[in-house]
Amino acid sequence: MPIIIRIALNNTSKIILAGFMIALFSTTIPGFLDNEANAAAPVITTSSLTGPNEITIVWAATTTSVAADYTDLRLTTGDEARSVTGVTGSTSDTHVLTFDGLAVPTDETATMDFGTDIVDTDNGGQANAADDDQAIADLQAPVVLSAATSSPTTIVLTMSEAMTENANNPSDFTISGVGSSAYEGGNRAPQVVGLQLSAAEVITLTLTNVVITQTASLSVNYVGTGANDFEDIINIDLADFTNQIVTNNVLNYSFNCYDCSGPQLEQAQITISSDKYLVTPGDELTHITADVGDEISLLLKISDNRTIETIPFVGLYTNFIETPSDMSLFYTNHYDNSQNISASFYEWNIRSDDVAFDYDDTVSWTVIDDPIIGEYFITQYTMKFTDSMETSQIIVKSSDISGNYSYETLPVTLEVIGDAPIDFDSKGKQKLLGFFDESVLAIMVSELNTSDTITTPVSSLLGLSDDSLPEWTSNLATWTVQDKISSGDLIVAVEYLINQ
1 MPIIIRIALN NTSKIILAGF MIALFSTTIP GFLDNEANAA APVITTSSLT GPNEITIVWA
61 ATTTSVAADY TDLRLTTGDE ARSVTGVTGS TSDTHVLTFD GLAVPTDETA TMDFGTDIVD
121 TDNGGQANAA DDDQAIADLQ APVVLSAATS SPTTIVLTMS EAMTENANNP SDFTISGVGS
181 SAYEGGNRAP QVVGLQLSAA EVITLTLTNV VITQTASLSV NYVGTGANDF EDIINIDLAD
241 FTNQIVTNNV LNYSFNCYDC SGPQLEQAQI TISSDKYLVT PGDELTHITA DVGDEISLLL
301 KISDNRTIET IPFVGLYTNF IETPSDMSLF YTNHYDNSQN ISASFYEWNI RSDDVAFDYD
361 DTVSWTVIDD PIIGEYFITQ YTMKFTDSME TSQIIVKSSD ISGNYSYETL PVTLEVIGDA
421 PIDFDSKGKQ KLLGFFDESV LAIMVSELNT SDTITTPVSS LLGLSDDSLP EWTSNLATWT
481 VQDKISSGDL IVAVEYLINQ
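Position 293 of the sequence shown, counting from 1, maps to 293 under our numbering, and the rest follow consecutively.
Hints should not be assumed to be uniformly reliable.
Stated by the list, open to error - Only pairs whose alpha carbons sit at most 30 Å apart, straight line, appear in this in silico DSS-like list of lysine-lysine:
#	residue 1	residue 2
1	K301	K384
2	K276	K301
3	K484	K384
4	K384	K276
Said to hold, decoys possible - Restraint ranges, calculated between C-beta atoms of paired labels, are given here:
#	residue 1	residue 2	range
5	Y331	T45	39 to 49 Å
6	S198	S219	19 to 29 Å
7	T45	G282	49 to 59 Å
8	L102	A68	17 to 27 Å
Think of the hints as simulated: they come from the structure by calculation, not from any bench. Glycine included, each C-beta is placed from N, C-alpha and C at the ideal position.
Between the sequences and the hints, there should be enough to build the whole structure, so can you do that?
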């Protein structure tokens with residue numbers, strides 16, 4: 001039987017008890033209400049697929065969750081729900097979730113529901129139903145799935161998703177594992193000299209200095225340099241890879257390769273004024289200096305394992321610089337060993353118009369129309385710089401009728417020094433002296449001279465106002481009399497001054 005205790009309170013005790021209760025509620029209930037008001041639901045910063053069966057969620061604050069808090073994970077390409085099986089980093093701001101089922105493609109996206117037991121430990125809030133159908137973005141890097149030869153000089157890479165064609169760094173790819181049996185004469189290292197996106201998910205590598213034989217064992221490596229790397233269609237860089245085994249299908253193409261190696265540069269003769277340099281691939285590096293305005297001529301001697309008469313293409317590339325942001329991507333296909341782009345090149349092509357390109361319009365080209373065909377294919381390129389050029393490599397590319405390419409870096413570096421010549425046509429309207437017969441001017445100047453110094457202003461001599469030229473120009477008349485300059489030089493100098 002319950003015991004009831006009755007306490008009789010007088011009026012004074014009732015007042016004291018009422019005051020105590022008021023004080024108690026005033027200190028506890030508002031604080032409780034404030035905590036509820038300040039609590040906020042966890043905020044998702046990013047949620048992305050970052051691995052074959054991995055989702056990374058970044059929260060705006062430290063958050064706790066378990067696998068059961070994530071439900072109804074559905075991939076974009078399928079309706080079957082997946083289950084989250086584990087969470088790492090569950091007491092931090094970055095939670096990595098793993099889920100069951102087959103590995104998802106690298107271009108996959110998804111949606112997922114977030115439970116209400118996920119707690120923001122920094123602010124005391126819990127998730128809410130608004131986080132249902134949270135979008136999970138694609139953040140997986142594309143990867144290579146397979147590699148196989150498609151000819152004795154080409155390798156085809158099949159990628160995990162569609163790629164873009166806005167990059168072309170052949171030297172990012174290297175070939176290893178090639179035995180000596182894979183070479184057709186010589187010992188030059190194999191190089192990747194061409195890249196082509198032959199289908200949305202297929203990259204074709206073109207090789208030089210190597211002919212893949214039936215018994216060759218090869219592998220491909222890729223290390224992106226961070227500039228102009230291959231990317232998928234949402235600009236995620238291709239993942240680096242090493243020792244991707246190449247399936248050798250050469251046996252399926254031919255037992256006896258008729259033409260499987262590109263042309264070879266045998267010799268280059270570089271002429272600047274009276275200086276001549278004769279170089280061959282493999283020579284010690286030579287530094288060559290030219291002056292602005294010099295004609296720089298390169299005579300190239302090229303051979304081929306079959307016939308030189310059908311060589312359709314030879315290109316010369318120099319003036320390598322960091323890729324300008326405003327340079328047309330159509331021309332950004334030719335790199336040196338430092339991944340700099342050729343800003344000045346000339347491509348001779350028997351099947352189409354030649355291509356002469358110069359980014360700064362400081363190089364003019366002259367090329368012989370008809371190469372000399374004899375024991376060698378001989379062609380000549382002449383270039384003239386109207387401005388200086390920092391030290392740069394010179395690269396020669398050529399191909400044969402079978403589509404085999406060669407890529408040779410000459411064992412020289414070229415530097416062009418000096419200032420750009422004065423351009424009297426740079427302004428729209430030029431002032432010209434209304435003069436003269438040069439011989440008459442020479443007589444007039446000589447009649448002024450009775451000593452080593454002429455003090456008569458040149459402006460008076462040429463019919464100009466007295467203040468149109470500085471006083472020092474009287475020296476021009478003195479130098480003309482002393483035959484240090486010609487009267488024509490005097491006129492050119494004066495016209496330059498009055499146009500400044």
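Tested hints:
1. Proposed proximity of K301 and K384 is supported: the alpha carbons are some 21 Å apart, at most 30 Å.
2. Note on K276 and K301: the hinted pairing holds, with a Cα-Cα distance of about 15 Å set against a maximum of 30 Å.
3. Only pairs whose Cα atoms come within 30 Å are accepted, and K484 paired with K384 is accepted, the gap being roughly 29 Å.
4. With a C-alpha separation of about 16 Å, the suggested pair K384 and K276 falls inside the 30 Å cut-off, and the hint holds.
5. Taken as a hint, the range 39 to 49 Å holds for the pair Y331 and T45, whose Cβ atoms sit roughly 40 Å apart.
6. For the pair S198 and S219, the supplied restraint of 19 to 29 Å holds, since their beta-carbon distance comes to about 21 Å.
7. Separated by about 56 Å at the C-beta atoms, T45 and G282 satisfy the suggested range of 49 to 59 Å.
8. A hinted range of 17 to 27 Å for the beta carbons of L102 and A68 is consistent with their spacing of about 22 Å.
In this structure, none of the earlier numbered hints is contradicted; all agree with it.
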